[in-house]
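Visitor: Here is what each chain is made of, one letter per residue.
Protein chains: 2
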Amino acid sequence: MSSHPRPVMVASNRGPVTFRVDDAGQLQSSRGQGGLVTALTGAMQSGGTWVAAALTDGDREMVARHPEGRIQVKADDTSYDLRYLAFPQAVFDGYYNNISNGLLWFAHHYLWDTVHSPLFKEDTVQAWEDYISVNRAFATALAEEASRLPEPPTYLIQDYHLSLVPHFLRELQPDALIAHFSHTAIAGPTYLRIIPDRIRDAVLRGLLGADVLGFHSEAWAENFLMSCRYVSGARVDLGRSRVVLEGREILVRVHPISIDVAPMRELASSLQARRLRQQLNRWRGNARLILRVDRMELSKNILRGFLAYENFLRRHPSWKGRVKFLALLSPSRQEIPEYAAYTEDCIREAERINTELGGEDWTPIEVRIREDYLGAIAAYGLYDVLMVNPVFDGMNLVAMEGPVLNRRHGVLLLSRNAGAYFRLGRYAIGVNPFDIEGQADAISEALEMSEDERTRRSRGLSRLVLANPPARWIRLQLDDIERVRRRRGFSAA
Amino acid sequence: MSSHPRPVMVASNRGPVTFRVDDAGQLQSSRGQGGLVTALTGAMQSGGTWVAAALTDGDREMVARHPEGRIQVKADDTSYDLRYLAFPQAVFDGYYNNISNGLLWFAHHYLWDTVHSPLFKEDTVQAWEDYISVNRAFATALAEEASRLPEPPTYLIQDYHLSLVPHFLRELQPDALIAHFSHTAIAGPTYLRIIPDRIRDAVLRGLLGADVLGFHSEAWAENFLMSCRYVSGARVDLGRSRVVLEGREILVRVHPISIDVAPMRELASSLQARRLRQQLNRWRGNARLILRVDRMELSKNILRGFLAYENFLRRHPSWKGRVKFLALLSPSRQEIPEYAAYTEDCIREAERINTELGGEDWTPIEVRIREDYLGAIAAYGLYDVLMVNPVFDGMNLVAMEGPVLNRRHGVLLLSRNAGAYFRLGRYAIGVNPFDIEGQADAISEALEMSEDERTRRSRGLSRLVLANPPARWIRLQLDDIERVRRRRGFSAA
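Protein chains in written order, with the working numbering: chain D, 6 to 498; chain Z, 6 to 498.
These are calculated hints, taken from the structure and not from any lab test.
Heads up, some of the hints might be wrong.
If several chains are the same, the list does not tell them apart, and a pair holds so long as it fits within one copy or across any two.
Unchecked claim - Listed below are the simulated DSS-like cross-link pairs for lysine-lysine, each with C-alpha atoms no more than 30 angstroms apart in a straight line:
1) K79 - K329
2) K126 - K325
3) K325 - K79
4) K329 - K126
5) K79 - K126
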């Protein structure tokens, strides 16, 4: 569907650029990594504004120094405005730590220990007010920015932090063209009954303020649609994947994202990456390498990964000393108590396994907890088995990054509960992430797999990843919106 | 739909009668309480057999003393055969404790602490074989018993313990008329992905061996239907609530069960019950009474009930000394570690609250953990507030028993996640069971409610319960089966 490209307004919690103040007091900026930034930036060829929350001290300083927190950014052949919104710390904390990451994230990934948690109290009530006010501020800023454009833009709202924005924006601009994309897993209607009723209702109605809602997998889209059946006044057509509310039709679409391969490959062939690879290779010696790369995140299932590896070693003792497990983990959300406790659990279990099974010249598991993107890029080249076993995961990009950078026809061990499984599953070894025995069997199968089969699978994985570049992800979304626009024009004619 | 009544075969884990050997070495039997036994017994007017597992030493002794473990039972105006199946302890343990109560029950009530549990290992694999063999034994026994009847019976299979029976029975008797009823909540398709794939698939296909599947609420029926979309070869029609698999049509029906009021009222007016009520009344003094009656069960949300009451007392200190919370809890599944730990948690929290808020002449919470059906019957008469706040619950009969026996126009505080809420919700105060603040508000609202409003609501509750006797529940199921039978006859003609 070709059409005159329109200005695009993007909104996300984290912006594409991070600011810091250098020693000379000057603002310095660095651009975020990843296909999402590239794709969304690419969509702003005809101008637009990216609205995001100020996250760092540098971000807040940028807001303080510029009128309305707005600056112009030049990226590749595009130029767009960037507007950061600074919130009082307490408000941001309620919006971000309590509601977004402590409530919605837990709900959508089924992370609660339901017999004991959650316990909703006064703090939830207060934090919900914060979430509302931040979402309202985003909608207001988007509408303001749009008023500076020569023609009405397309709005691309990102993720669970901003689930009320479509609704608030619709109130301000009834005819706006709004798409929202959820990058997480999405809970089904029964589990969603855990969260307080008015929060659940507001989140669902908030999202339904959009014209198009995007998800990474059919499973998440379906869960969303089923939940909408409990929104009063909403009519859900599961077969045609749409909802009608207050006379408006909302399309629910599945557009799995992929990664931007070229810059990753470039980085992987840099001198620095090569040096890191050499170091890792020396460390690995003659052993086979099982790798995992994750945020230190409850949903990533790091603990059960270690237990499965232990189970594998106990049942296949001939592999002792001939395999090493490297866990590259970046710190995440340590201000949430469950995350801090989980980090300790993971370290303790790895140490126990090392003590019980390791020896003087062999340590079964190496855990590295730090920000080290380049280290991960380097390690991707070297694995024999990549373990990606999340409990639940919206998509999972590690499962894509590994295969396009790996040089040993390494095998992907992939949770069937990751969105990525629906795309890559046929070339991976699928696992149930709760099944220790099954994951141990999968490690064994991966290590024993013939070279031919490994080659066939790793080529298949690369091909699938390369066939779906981020630009395609964004184009399909803009096509959806274009279709909505034309239909509207048609109805009006 | 009137029709010639046919013999009925019932299968359930727990039978309607419990045996024990008395001091003289004679077998003594006692009949189980509750509307389910009455309803299913009532369905066997034209003969039939009830097949169940031998649970007690007395049950096993009965099996040892009678050919094939079969005896005849006379109940009211009905006479039917009872056949108990005795299994080796290890097999029963795998089938009952591990798979039925440790896996399927946890799955259907969303009870796992998913970040840490479950961990499926070798014991799950072994226990699953036990579950298969017990389910197969039930199917074989049913088919044997049916062959002794003058005409083909209707099979009524009960609950999650026996989810494979419809499939195995269908293999033995392709034309059998089989209904299965699930008395629990039912998890949605995403949460069900936690359990090992072949167990999930076998359970769903096992149930789909029936002609009619019954559930207590639309929510559970809908979750089941959505899960069936992932069964290969199954076509699900959500709107018409049916599944087609291997050319057979399976109807999914919602028949909420109710309670048998007359015998409960009779018991409540017995001399013994009256004495217990007098004792309780003296204990309560001038205080208002909040009551809960439950098994000591993870899904019943006992802990959060105490926390909500604590929250209420802290925010409304004028109620201190003027209200008492009585928790009547019967011991349950203490051989499952989570249950033993939960019991301790509940006792510890109640003690903490009593220490922190109570005084010399007032103890805020009284916890009684023992089998005491009559005590519960007596206490129902006296409550001002009945707290029924399960995390998730298939139906919940306490929410029905209380209102028909209460004499004070007591208020029902009811979880919106209980099947009963869909029937009784309009006369209850609905609560989100995870919301401590909200439940505290509900306690306050209940205690402050006007006499008129309490009268209106308690009458409404009694009316709804009385309008749906267990005999109706069973008749609707037999009508479903009769419809299937006629349709089949029609197709054959």
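Visitor: For K79 and K126, with the copy left unspecified, which applies at a CA distance of at most 30 angstroms: within, between, both, or neither?
Guide: Result: close neither inside a copy nor across copies, 45 angstroms intra and 54 angstroms inter.
Visitor: Indicate which option fits the pair K329, K126 if close means a Cα-Cα distance not exceeding 30 angstroms: within, between, both or neither.
Guide: So K329 and K126 pass the 30 angstroms test across copies only (22 angstroms; inside, 45 angstroms).
Visitor: What label fits K126 with K325 when the C-alpha limit is 30 angstroms: within, between, both, or neither?
Guide: Answer is between: at 21 angstroms across copies they meet the 30 angstroms cutoff, but 50 angstroms inside does not.
Visitor: Should K79 paired with K329 be assigned to within, between, both, or neither, using CA atoms and 30 angstroms as the limit?
Guide: neither (44 angstroms within a copy, 68 angstroms between copies)
Visitor: Cα distance capped at 30 angstroms. Does K325 pair with K79 within a copy, between copies, both, or neither?
Guide: neither (53 angstroms within a copy, 65 angstroms between copies)
In this structure, the hints that do not hold are numbers 1, 3 and 5, in rising order.
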